[in-house]
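Letter by letter, the chains look like this.
There are 2 protein chains.
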Amino acid sequence: MVLTREVIHEEIFIPPYEGRGAELKAGDELIIIDVEGKQVGDFVCFNKHDEDEHISPVHMRASLSSIRLKPGDGLYSNRRRPLMELIEDTVGKHDFFFPACDDHRYRVDFGKENHPNCHDNLQQAIKTFGLNQVMVPDPINWFMNNVLDEVGDYKIHEPLSKPGDYVRLRAVEDVVIACSTCSQDMEAVNGWKVTPLKLQILGGVR
Amino acid sequence: MVLTREVIHEEIFIPPYEGRGAELKAGDELIIIDVEGKQVGDFVCFNKHDEDEHISPVHMRASLSSIRLKPGDGLYSNRRRPLMELIEDTVGKHDFFFPACDDHRYRVDFGKENHPNCHDNLQQAIKTFGLNQVMVPDPINWFMNNVLDEVGDYKIHEPLSKPGDYVRLRAVEDVVIACSTCSQDMEAVNGWKVTPLKLQILGGVR
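Residue numbers (UniProt numbering), protein chains in the order written: chain U, 1 to 206; chain X, 1 to 206.
So that you can see chain U by itself, here it is in the shape it has in the complex (with noise of 0.2 Å):
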């Protein structure tokens, strides 16, 4: 597809211990905006037209033979293809081998009932585009700042993002993407308080 001109499609506001969804196309790019700065984002993006197809941390680490990303890296698909593209970050530390917090990180690790959490965000975000899945994929969790030891343990670090950080994907096919403001406010993970993203998706004229 060429672009005859690059317009902002959509802005989607992502209130914070919330998800929202979009579907882009090929060719589509989306820019994921940390509007405070120190805010992780979970992220999942599924095949618009196979549902069994989405990104896969797992098979990420495979395909990269890697555990960090680098604008160029393919976003690899649990059918080991790129469905989308990193193209441009200004912070240079994620995370792709943390899951979702969920229901039983909150209530088993925590101990707290009903927590708000990005599985169920990233579940419920999804479903706005017919998704119903009972168990949603592993997230790449944008901005997240696990630091590894020399022995293999690791911290959570606060992000290193400062307000308007970003990061840039170009989607390789049509796809529909969730992300989720992390909903971790017990831990350094999102500099002890949960704050909003801000997606934006561009494309050629429609």
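FYI, nobody ran anything at the bench for these hints, they're computed from the structure. Keep in mind that this is a model prediction, so the values were computed, not measured. Treat the hints with care, since some could be wrong.
One copy or any two copies: either way a pair holds, since identical chains are not told apart in the list.
[Said to hold, decoys possible] In silico SDA-like pairs for lysine to any residue, Cα to Cα no more than 20 Å straight-line: (1) Lys70 to Asp153; (2) Lys155 to Arg68; (3) Lys198 to Ile12; (4) Lys70 to Val151; (5) Lys93 to Tyr154; (6) Lys93 to Val194; (7) Lys155 to Tyr106; (8) Lys193 to Glu36; (9) Lys112 to Arg79; (10) Lys112 to Asn78; (11) Lys162 to Gly37; (12) Lys112 to Ser63; (13) Lys155 to Ala188; (14) Lys155 to Ser66.
Given chain U, work out where chain X should sit, using these hints.
Okay, now just chain X, sitting in the frame of chain U:
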């Protein structure tokens, strides 16, 4: 459950390029033996009474805050509970951030059609126990030797396991397990060839 006497209930030979499954009662132990050395075993485990709960490497990494395994560590499920526990390990280097090799891996990344693969071996092995998973969960890859560098890229080296090396696990719940002799014969992952594994299941008098 109190074991009155430790008994080998079952000994299962896993030929190269195949998978085998077994049932364990809570308290039973499983020994996975690398018969000739340098052979990875892809391993999955389900709650026998609810196949929606299974050992999940991505949740293990969160519960353990680590990408290494030590004796005493729980092997956590997607509900953040240990289904099994690692109790003995003669090697000390394993992997739980890499996917099972699958048909897509061999076709897309190696140009090979119909190559035997761990995903299908595991899928086949658990069918015997009534589990019909379209996509099997991510495995623990016993004896796999991924080495991360300081920036987060990694190389797969030959396993450190010598003939007869093993890991010993204890079932915390009643479980169905399966293990596949990793079928990758075009890389260092299994020392460039595929060799057998052996399972021993130990428990009290039944």
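Under a CA distance limit of 20 Å, which applies to Lys198 and Ile12: within one copy, between copies, both, or neither? Answer is within; shortest intra-copy Cα gap is 6 Å, inter-copy 54 Å.
Are the CA atoms of Lys93 and Val194 at most 20 Å apart within a copy, between copies, both, or neither? within (19 Å within a copy, 37 Å between copies)
Give the relationship of Lys155 and Tyr106 under a CA distance limit of 20 Å: within one copy only, between copies only, both, or neither. within (18 Å within a copy, 35 Å between copies)
Status of Ala188 relative to Lys155 across identical chains (alpha carbons, at most 20 Å): For Lys155 and Ala188, the Cα distance is within 20 Å only inside one copy (9 Å; across copies 31 Å).
Alpha-carbon proximity context of Lys112 and Arg79, limit 20 Å: For Lys112 and Arg79, the Cα distance is within 20 Å only across copies (15 Å; inside one copy 36 Å).
20 Å Cα cut-off: does Lys70 pair with Asp153 within a copy, between copies, both or neither? between (23 Å within a copy, 11 Å between copies)
Regarding Lys155 and Ser66, is the shortest C-alpha distance of 20 Å or less found within a copy, between copies, in both, or in neither? both (19 Å within a copy, 9 Å between copies)
Up to 20 Å between alpha-carbons, please classify Lys193 paired with Glu36: within, between, both or neither. For Lys193 and Glu36, the Cα distance is within 20 Å only inside one copy (11 Å; across copies 52 Å).
Are the CA atoms of Lys112 and Ser63 at most 20 Å apart within a copy, between copies, both, or neither? between (37 Å within a copy, 16 Å between copies)
With identical chains, the pair Lys155 and Arg68 could be close in the same copy or across copies; at 20 Å between alpha carbons, which is it: within, between, both, or neither? both (16 Å within a copy, 14 Å between copies)
Between copies, within a copy, both or neither: which fits Lys112 and Asn78 at Cα up to 20 Å? For Lys112 and Asn78, the Cα distance is within 20 Å only across copies (17 Å; inside one copy 33 Å).
Between copies, within a copy, both or neither: which fits Lys93 and Tyr154 at Cα up to 20 Å? Result: close both inside a copy and across copies, 14 Å intra and 17 Å inter.
The earlier numbered hints are all upheld by this structure, with none contradicted.
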